[in-house]
Amino acid sequence: MCTGRVDPALVADAFVNGADGVLVIGCYFGDCHYITGNFMAKHKLDMAREMLAYAGLNPTRLQFRNLSSAEGARFARHNTEFVEQIKEIGPLGTGDKVGMPQLKEKLEIAYKSLAGPKLRWVVGKKPVFVDDARGNKYGEVFTEHEINRTLSGIVIDEMATYSIMAALEKKPAAVKDLAKELEIPAPDTLKYVLALKRRGFVEMDGVEGTSPIYKFKSAEGGRC
Amino acid sequence: MAEKKVLVLGAGAAGIQAALSEAAAGNKVYVAEHFPSFGGERIPQDKIITDGDAFTAPDLATFKSNDNIEFLRNADVQALVGDNGQYKAKIHCRTPRVDPEKCDECGKCITVCPIHMYDDYNEGLEWRTAVDFFDSGSGYYNIYKEDMPVCQRTCPINLPIRTYVGYIADGKYAESLAAIRERLPFPLSIGRICPHPCEAECNRQYKDEPISICFLKRFVADYELNNNIEPKIFQPEESFSEKIAILGAGPSGLTCAYHLARFGYQNIVVYEALPQPGGMFRVGIPEYRLPWEILSKDIEFITKHGVEIKCGVRIGQDISFDDIKKDHDAVLIAIGAHKGMSARVKNEDAEGVFEGIHLLRNMALGKDFPITKGKAIVIGGGNVAMDVTRTCLRAGFDEVNLLYRRTRKELPASPWEVDAAEHEGVKFHFLVAPQEVVVKDGKAVGMKCQRMELGEPDASGRRKPVPVEGSEFVMDADAIFGAIGQVTDNTIVDEKYGFTFGRKLNFEVNPETFETNVEGVFASGDAATGANIAIRACAGGMKAAESIHKYLRGKK
Chain A
-12 MCTGRVDPAL
-2 VADAFVNGAD
8 GVLVIGCYFG
18 DCHYITGNFM
28 AKHKLDMARE
38 MLAYAGLNPT
48 RLQFRNLSSA
58 EGARFARHNT
68 EFVEQIKEIG
78 PLGTGDKVGM
88 PQLKEKLEIA
98 YKSLAGPKLR
108 WVVGKKPVFV
118 DDARGNKYGE
128 VFTEHEINRT
138 LSGIVIDEMA
148 TYSIMAALEK
158 KPAAVKDLAK
168 ELEIPAPDTL
178 KYVLALKRRG
188 FVEMDGVEGT
198 SPIYKFKSAE
208 GGRC
Chain B
19 MAEKKVLVLG
29 AGAAGIQAAL
39 SEAAAGNKVY
49 VAEHFPSFGG
59 ERIPQDKIIT
69 DGDAFTAPDL
79 ATFKSNDNIE
89 FLRNADVQAL
99 VGDNGQYKAK
109 IHCRTPRVDP
119 EKCDECGKCI
129 TVCPIHMYDD
139 YNEGLEWRTA
149 VDFFDSGSGY
159 YNIYKEDMPV
169 CQRTCPINLP
179 IRTYVGYIAD
189 GKYAESLAAI
199 RERLPFPLSI
209 GRICPHPCEA
219 ECNRQYKDEP
229 ISICFLKRFV
239 ADYELNNNIE
249 PKIFQPEESF
259 SEKIAILGAG
269 PSGLTCAYHL
279 ARFGYQNIVV
289 YEALPQPGGM
299 FRVGIPEYRL
309 PWEILSKDIE
319 FITKHGVEIK
329 CGVRIGQDIS
339 FDDIKKDHDA
349 VLIAIGAHKG
359 MSARVKNEDA
369 EGVFEGIHLL
379 RNMALGKDFP
389 ITKGKAIVIG
399 GGNVAMDVTR
409 TCLRAGFDEV
419 NLLYRRTRKE
429 LPASPWEVDA
439 AEHEGVKFHF
449 LVAPQEVVVK
459 DGKAVGMKCQ
469 RMELGEPDAS
479 GRRKPVPVEG
489 SEFVMDADAI
499 FGAIGQVTDN
509 TIVDEKYGFT
519 FGRKLNFEVN
529 PETFETNVEG
539 VFASGDAATG
549 ANIAIRACAG
559 GMKAAESIHK
569 YLRGKK
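So the sequence lines, in the order shown, correspond to chains A and B.
Residue numbering for the first sequence follows the working numbering, starting at -12 and increasing by one per position.
Residue numbering for the second sequence follows the working numbering, starting at 19 and increasing by one per position.
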């Protein structure tokens, strides 16, 4: 399989199911049979690594390396090296930012975000803007720097959005309780919840005291 | 009688009502609305408009279907002139950036839009995506984007600052420099001397301090120079044979020549009166601020595009303006402002009183200057005055006094220039106005001055200095320099053409096209705007090149 087709969600799924490390090995840059497959892989895995690191995973656990299919000895060396690095960190939950039960929950949310449409679309546009310097339809050139900054913003947004949805799926809650539970600033939580409401993912359940209570509506969402 | 045209500003409930009644009276109605949809700010956040529920009275169906009503979305009125019956409005419609023909309202764009911003419909209480719909009935989607980043909008030549600074952050120096050279052929020089109005507007300053836009430009340009990278010469696809004369090889003239060469004009001749090209870059800015080797690299880059520069040709002496006009299809006057303004003090024609710009020019061209020792007085507070004081010290004067009639706070010079001048030992005298040159044996020996104090703010918003009675004193001087502004030497053109001139003797031009009132003659730079900063002169040159191109292509 071409590394360009390695879905970030697959990688996250491996970690959710208990893998201690994932090593993706692709062709050398410039040697791709499909011309840009390995560049695509790099963009996707960079983004996945950022997302998983934000969720609390040690970023060393996900690596992308280049190799030709004729280099057996190097393949073995890469593998040994990677396994040794992972052994040094230890099993999942040690050497990561958060401990085990929470890490799994967070990784599940990261999996959902990576499987969602937004990150896929934006990371799919990255090579169009970065590798092809003609810019968009209006001739505006976006630098790698800017795309990465935008991607980092989406990583934070998507993690917050999906963790709010996961929390509301368990039980309806008011914004202030959600903010406390998820450790997101309350004004931001309100904005995320309102955006979810507009898109039809959550709805109002009633009012408790002075705070509206929101509940999960559907994973499909409304029209938009 | 022709049908009446009515412009309604704003498409809220009242605007729609007014439009409907005017249309019913048989008039053609234009409705301009700042937002992308009618309904003003009354649009609810989740359901936008369903007919008959957002408004009580107006008939939206008629409004949409009436042929006599034209709805202008995303429109801002920029100017409104005229009187009853003949108004003229200039309306700026921002592009929606979504093709309504192709959009089928699937709504996927909103799901995946990476940019979120404060929702202006709900007073910023929640976020919305940059792409959004506002009117579910019409399928009208819209990407909200400001036209230019604030730095780019502030820059007179609209350099793509966001792009080239971003490229530097990515380490792509060649691309960055190419982005600058799309518009500006002087990255080395401007990177050194620009007073960078862009940095004063930079949004980063609200966090810590503005991005060093100007020195980043200098950095990429120097990177190419120091690594001996051959600059890439733009090869135009078309070529035109019209002859174009450009008078003055300064920032404006050379920028114009550069852009014309990029359009594909083959016969561009730049006439320069001084023995060396560069204009005010060469003779107005002292060498310690802009080294000549650096400037010559920029000029070399321009001449490599096929621009011919003829130095030492003064219009009116070596060649007449009539000949120039007769021999060329288009003429650009970019002669700058090289004549000092008079200080309007008594005895100012005495020996020992000079224009500051005269000293700068002589020092730059390596010529002798009559007096270069003793005490000097410089009058003025702009960047030119700072250059003159510092050049005086370098020329050999022992003491340099600068007179300015307001306080340090009101000094128009850039603060870093003032600090540098003070550091080098220039003595500043604030709230001092010159009154009369003291003359002995036909020579200036001092300046009679009067102390001032600040009074009420005047028309320009600055506090007007008022004299303090009985505070006159005499300051000794061997040489007195006026640096209070420059005017254009407009004697190169004959009166018979009927050029009109402005307050600074500058050529009056159409501010959009830079064309003078004489056909085929354009003017740009200081000659058109009055003395101003270099980057504005370059911007004028670029715009003049565009309109010369349009003028010559349109003539065919």
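A hint or two may mislead.
[Stated by the list, open to error] Derived, one-sided and incomplete: chain B residues facing chain A with beta-carbon distance under 8 Å: (1) 130; (2) 145; (3) 181; (4) 185; (5) 321; (6) 323; (7) 324.
[As the list claims (entries may be wrong)] Derived Cβ-Cβ restraints for the label pairs, each shown as a range: (8) 43/B <-> 175/A: 49 to 57 Å; (9) 78/A <-> 187/B: 20 to 28 Å; (10) 479/B <-> 123/A: 39 to 47 Å; (11) 309/B <-> 71/A: 14 to 22 Å; (12) 326/B <-> 124/A: 37 to 45 Å; (13) 187/A <-> 548/B: 55 to 63 Å; (14) 156/A <-> 121/B: 28 to 36 Å; (15) 244/B <-> 123/A: 31 to 39 Å; (16) 434/B <-> 71/A: 38 to 46 Å; (17) 189/B <-> 199/A: 43 to 51 Å; (18) 187/A <-> 189/B: 37 to 45 Å; (19) 189/B <-> 108/A: 25 to 33 Å; (20) 193/A <-> 148/B: 57 to 65 Å.
No lab work stands behind these hints, which were simulated from the structure alone.
Glycine included, every Cβ here is placed at the ideal spot set by N, Cα and C.
Original post:
At the C-beta level, are residue 309/B and residue 71/A separated by a distance inside 14 to 22 Å?
Top reply: Since the Cβ atoms of residue 309/B and residue 71/A sit about 56 Å apart, the hinted range of 14 to 22 Å is violated.
Subject >> Hinted contact residue 130/B with chain A - closest CB pair below 8 Å >> reply: Holds. Min distance 4 Å.
Original post:
With 8 Å as the cut and Cβ atoms as the points, is residue 181/B at the interface with chain A?
Top reply: 5 Å, holds
**OP:** Look at the Cβ atoms of residue 189/B and residue 108/A and judge whether their distance stays inside 25 to 33 Å.
**Re:** 27 Å, holds
Original post:
Do residue 326/B and residue 124/A keep their Cβ atoms within the hinted range of 37 to 45 Å?
Top reply: Given a distance of about 39 Å, which is inside 37 to 45 Å, the answer is holds.
Subject >> Consistency of beta-carbon spacing, residue 123/A to residue 479/B, with hint 39 to 47 Å >> reply: The hinted range 39 to 47 Å holds for residue 479/B and residue 123/A, with Cβ atoms some 42 Å apart.
Original post:
Are residue 187/A and residue 548/B spaced within 55 to 63 Å by their CB atoms?
Top reply: At roughly 60 Å between Cβ atoms, residue 548/B and residue 187/A fall inside 55 to 63 Å, so the hint holds.
Subject >> Residue hint residue 324/B, partner chain A, criterion CB-CB below 8 Å >> reply: 26 Å, violated
Original post:
Per the CB criterion, is residue 321/B less than 8 Å away from chain A?
Top reply: Since the shortest Cβ distance to chain A is 28 Å, the answer is violated.
Subject >> chain A contact restraint for residue 185/B - C-beta distance below 8 Å >> reply: With a minimum Cβ separation of about 6 Å from chain A (threshold 8 Å), the hint on residue 185/B holds.
Original post:
Hey, does the residue 323/B contact hint survive, CB to chain A under 8 Å?
Top reply: 22 Å, violated
Subject >> 28 to 36 Å as the expected CB spacing between residue 121/B and residue 156/A, which holds or is violated >> reply: 33 Å, holds
The structure fails to meet hints 5, 6, 7, 9, 11, 16, 20 from the earlier list, while all remaining hints are met.
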